[in-house]
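So you can see what is in the structure, the chains are spelled out below.
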Amino acid sequence: MINKALVIGAGIAGIQTALDIANSGHQVALVERQPSIGGHMAQLSETFPTLDCSQCIMTPRTVEVGHHENIKLYMYSQVAEVSGSLGDFAVKIRQRTKYVNWDACTGCGVCQEKCPWKAPAEFDRGVGTRKAIYTLSPQAVPNKPVINPQVCVRLQSIAKGEKPKCGACLKFCPTNSIDFEQKESFVEEHVGAIVVATGFDLFPQTKLPEYGGGKVPDVIDALAFERLLSASGPTGGKVKRPSDGQEPREVVFVQCSGSRDPEHGVPYCSKFCCMYTAKQAILYKHRVHSGQPYVFYIDIRAGGKGYEEFINRAQQDEGVVYLRGKVSKIFRDGDKVMVWGSDTLSGRKVEVAADLVVLSVAAVPAISENGCRVPGLDLTLDENGFYQPSESELSPVESNIPGVFLAGAGIGPKDIPETVAQASGAAAKVLTLFRRG
Amino acid sequence: MGTPYFPGCTLATKAKNYDTSGRAVAAALGMPLDELPDWQCCGATFPLATDNTMALIAPARVLIQAEQTGADKITTLCAICYNVLKRTETTLRKHPEQIERINWFVSTDETTAGQTYTGRVQVTHFLQQLRDDLGWKALGEKVTQPLKGLKVAPYYGCLLLRPPAEIGLDDPDQPVILADFLAALGAEPVDFPYKGECCGSYLVVNKPDVPTALSGTIVESAAKHGAQALVTACPLCQYNLDVKQKGSSRGVPVLYFTQLLAVALGLSSEARALDGHYINPATLFAQ
Amino acid sequence: MRILLSAETVHGDFVKQIEEISGQDLLACNQCGKCSSGCPVAFALDLLPNQVIRMAQLGQEDVLQAQTIWTCASCQTCVSRCPKNVDLPRVMEALRQIAMERGTTPLYVAELRPDLVTDAPQMAIIGGFRKFTS
Numbered sequence: 135m136i137n138k139a140l141v142i143g144a145g146i147a148g149i150q151t152a153l154d155i156a157n158s159g160h161q162v163a164l165v166e167r168q169p170s171i172g173g174h175m176a177q178l179s180e181t182f183p184t185l186d187c188s189q190c191i192m193t194p195r196t197v198e199v200g201h202h203e204n205i206k207l208y209m210y211s212q213v214a215e216v217s218g219s220l221g222d223f224a225v226k227i228r229q230r231t232k233y234v235n236w237d238a239c240t241g242c243g244v245c246q247e248k249c250p251w252k253a254p255a256e257f258d259r260g261v262g263t264r265k266a267i268y269t270l271s272p273q274a275v276p277n278k279p280v281i282n283p284q285v286c287v288r289l290q291s292i293a294k295g296e297k298p299k300c301g302a303c304l305k306f307c308p309t310n311s312i313d314f315e316q317k318e319s320f321v322e323e324h325v326g327a328i329v330v331a332t333g334f335d336l337f338p339q340t341k342l343p344e345y346g347g348g349k350v351p352d353v354i355d356a357l358a359f360e361r362l363l364s365a366s367g368p369t370g371g372k373v374k375r376p377s378d379g380q381e382p383r384e385v386v387f388v389q390c391s392g393s394r395d396p397e398h399g400v401p402y403c404s405k406f407c408c409m410y411t412a413k414q415a416i417l418y419k420h421r422v423h424s425g426q427p428y429v430f431y432i433d434i435r436a437g438g439k440g441y442e443e444f445i446n447r448a449q450q451d452e453g454v455v456y457l458r459g460k461v462s463k464i465f466r467d468g469d470k471v472m473v474w475g476s477d478t479l480s481g482r483k484v485e486v487a488a489d490l491v492v493l494s495v496a497a498v499p500a501i502s503e504n505g506c507r508v509p510g511l512d513l514t515l516d517e518n519g520f521y522q523p524s525e526s527e528l529s530p531v532e533s534n535i536p537g538v539f540l541a542g543a544g545i546g547p548k549d550i551p552e553t554v555a556q557a558s559g560a561a562a563k564v565l566t567l568f569r570r571g
Numbered sequence: 098m099g100t101p102y103f104p105g106c107t108l109a110t111k112a113k114n115y116d117t118s119g120r121a122v123a124a125a126l127g128m129p130l131d132e133l134p135d136w137q138c139c140g141a142t143f144p145l146a147t148d149n150t151m152a153l154i155a156p157a158r159v160l161i162q163a164e165q166t167g168a169d170k171i172t173t174l175c176a177i178c179y180n181v182l183k184r185t186e187t188t189l190r191k192h193p194e195q196i197e198r199i200n201w202f203v204s205t206d207e208t209t210a211g212q213t214y215t216g217r218v219q220v221t222h223f224l225q226q227l228r229d230d231l232g233w234k235a236l237g238e239k240v241t242q243p244l245k246g247l248k249v250a251p252y253y254g255c256l257l258l259r260p261p262a263e264i265g266l267d268d269p270d271q272p273v274i275l276a277d278f279l280a281a282l283g284a285e286p287v288d289f290p291y292k293g294e295c296c297g298s299y300l301v302v303n304k305p306d307v308p309t310a311l312s313g314t315i316v317e318s319a320a321k322h323g324a325q326a327l328v329t330a331c332p333l334c335q336y337n338l339d340v341k342q343k344g345s346s347r348g349v350p351v352l353y354f355t356q357l358l359a360v361a362l363g364l365s366s367e368a369r370a371l372d373g374h375y376i377n378p379a380t381l382f383a384q
Numbered sequence: 002m003r004i005l006l007s008a009e010t011v012h013g014d015f016v017k018q019i020e021e022i023s024g025q026d027l028l029a030c031n032q033c034g035k036c037s038s039g040c041p042v043a044f045a046l047d048l049l050p051n052q053v054i055r056m057a058q059l060g061q062e063d064v065l066q067a068q069t070i071w072t073c074a075s076c077q078t079c080v081s082r083c084p085k086n087v088d089l090p091r092v093m094e095a096l097r098q099i100a101m102e103r104g105t106t107p108l109y110v111a112e113l114r115p116d117l118v119t120d121a122p123q124m125a126i127i128g129g130f131r132k133f134t135s
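Chains as they are written, first to last, in the numbering used here: chain A, 135 to 571; chain B, 98 to 384; chain C, 2 to 135.
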């Protein structure tokens, strides 16, 4: 038994698992495909039900991970191949080309300032922009950038065999860290156990044609709205709608956008949307006192600790109008966005002329660019593409492969407390293996 | 080279302008419409009760009549005929027991004895032929009098596109087929949110206030978005949207897509068949 | 507005008849309301489409008195968007057929407006008769 673990994914699940194992004195290789750790939790403004600042509660852990003597962080990397079995897995890790030498880089940020090339920021779900050389956010851990070949004009000119253009970052970097010649590299690790914590992605708006198909600028998904709410986001926490930057007075939240829809979307419930929608409606009211939020829902799922009370707070204290009736159509009408929903409780079709519409889109399994899961690990997936535990009720963090464990939203959508609990559960399973030898 | 064509009762009479312009443009494009030698009304609505075999017989007979010509395709212009025939085709493919019943019934009549439904015939719409068999680029090349940025709102109505699982012509919520058609003619398609909303259909018979209200909203929305005309593929939509505006001095003409195509192909005024409208579309065109 | 439910109503002949004629499993509907949200004639209805399905699920025969079943234009918007693929137009048709079988006669030839007969495309009249006469 090699007493070292591989953790795939450095969102809050991977971070927690890695810390639990590392704090027990064992080595961890933590692989993350993004340039920084934190996953989706890092994109949140505040968390429910406490309304704690997400980055504030996460930072102690991300910093601990970044500095831990037992954790080797493989950033901007992917697991290319796994072979072997429990006790000795051979893991080939592909370190993607950053075009920046992170050993020399100090994270000063001058390159990002000087870079002239912009693109929509994935971290901001399109409501903000980033440069060709970028960190996910100003608070990224590690705070070191990578260069995106699709946006970088110099890399594109090199690829076409032309004389290299631009090079602003190269010119201004004070530590000479930019390296356009850099190639991707491979590293091999040997571990005794693996924890898969790859998380979730969001259902694309293009699959919601009746809601505008992603073409209406003021129809955004909930994570994009989260970025508008975030003080470190593209609008500094001011709620401004994408089309004209105006503060929206009437905001409609559309729950179940894609979820609970076996015909056109995903059949399952995405579990956390009822709660985060209430949170976003409350936060919106806090920012825009004269604003009116509406929530169209089918059911309200609020079973966690303090969750029902949180919903009551939204409905009673904050005056969020809850309408029970799934939205059928959303379209632009002048500078408004029309939402056609209903209130089945009073028996009325309801139309709202909104300034901004926020879709609670379904959570789907995170899949990497090459589409496949963890190459070499034949993990069982359920019919929705999420990892299937070996036994749902009593072994929720065990996969079908001995020595490989699961944690977090990769198994199915869940909130932060459940994610962290599963992460620690998976870590405990790993530590049991290491103890037994 | 022609395709078996089912006009339907309304195109044969009240909507002759649609039929005339349709035949003319089809001939001009080298894809002539060959009217079925023998046909009857399709029934005007697809029978939604699962035990209603009788109502399926009329449209099934149309498919049989098409098969009798030896062709494997039948085309339509009227959106409701298209819907009825297409849904009949998909229903028969899914329910062989219905085919058995229909074939038995057909065999009992001496005029149709010997004819059976084999499932060979596929129902298509002329717009589909334009898109898939000819192509928008090729269509554009045949245009001799481009519509010079005439702002036309494509109005799809309901039955040309729904239900998508059985019709499959285009996405009902984000359709493009009529917009692409208009662009090929040099017109400027005007997107508006009511392009797929119901005109009220047959409710004009028992609840006329409803189509009046619905059609009013549709025309108003198109006009608000700058449309100088609307284009449609259904005689009932055309009627509802047109009659609603009867007597209006600022009416927005509602044309059949074939009439607009006839203008763009430079066909004669007879072929364009721009008559028979409450809001006269002839005013849109210079000559 | 009070009803008495029993096994006879919720699993009785009325429900069975609707399901047989429409070919639909009424219990597939979880009352999300998307049908009502997009129904173009909602403004003219007494019961919303989802409420008609609800009444049918509960075996409530007075759903046959609703104006809704005669105001449905069979536009197919509801079934195209329903997350459970419940074919509401078929359920509406089933309710109309049951109502007519029990004696309701919503449309008489003699009462057709003359202007309709001369002006409207005949497909409207044929369609109307197909829907509203037995």
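Be careful, since some hints might not be right.
Unchecked claim - Calculated pairs, DSSO-like style, for lysine-lysine (alpha carbon to alpha carbon, straight line, at most 27 Å):
| id | chain 1 | residue 1 | chain 2 | residue 2 |
| --- | --- | --- | --- | --- |
| 1 | B | Lys-245 | B | Lys-234 |
| 2 | A | Lys-252 | A | Lys-206 |
| 3 | A | Lys-349 | B | Lys-191 |
| 4 | C | Lys-85 | A | Lys-405 |
| 5 | A | Lys-341 | C | Lys-17 |
| 6 | B | Lys-191 | C | Lys-17 |
| 7 | A | Lys-248 | A | Lys-372 |
| 8 | A | Lys-341 | A | Lys-470 |
| 9 | C | Lys-85 | B | Lys-191 |
Worth flagging that the hints you see were computed from the coordinates, not collected in a lab.
Right, here's what the structure says about each hint:
1. B:Lys-245 - B:Lys-234: Answer holds: Lys-245 of chain B to Lys-234 of chain B is near 17 Å, not above 27 Å.
2. A:Lys-252 - A:Lys-206: violated, 32 Å
3. A:Lys-349 - B:Lys-191: violated, 36 Å
4. C:Lys-85 - A:Lys-405: holds, 19 Å
5. A:Lys-341 - C:Lys-17: With Cα atoms ~36 Å apart, Lys-341 of chain A and Lys-17 of chain C exceed 27 Å; violated.
6. B:Lys-191 - C:Lys-17: holds, 23 Å
7. A:Lys-248 - A:Lys-372: With Cα atoms ~26 Å apart, Lys-248 of chain A and Lys-372 of chain A stay inside 27 Å; holds.
8. A:Lys-341 - A:Lys-470: holds, 22 Å
9. C:Lys-85 - B:Lys-191: holds, 20 Å
Checked against the numbered hints given earlier, this structure breaks hints 2, 3, 5; the rest are met.
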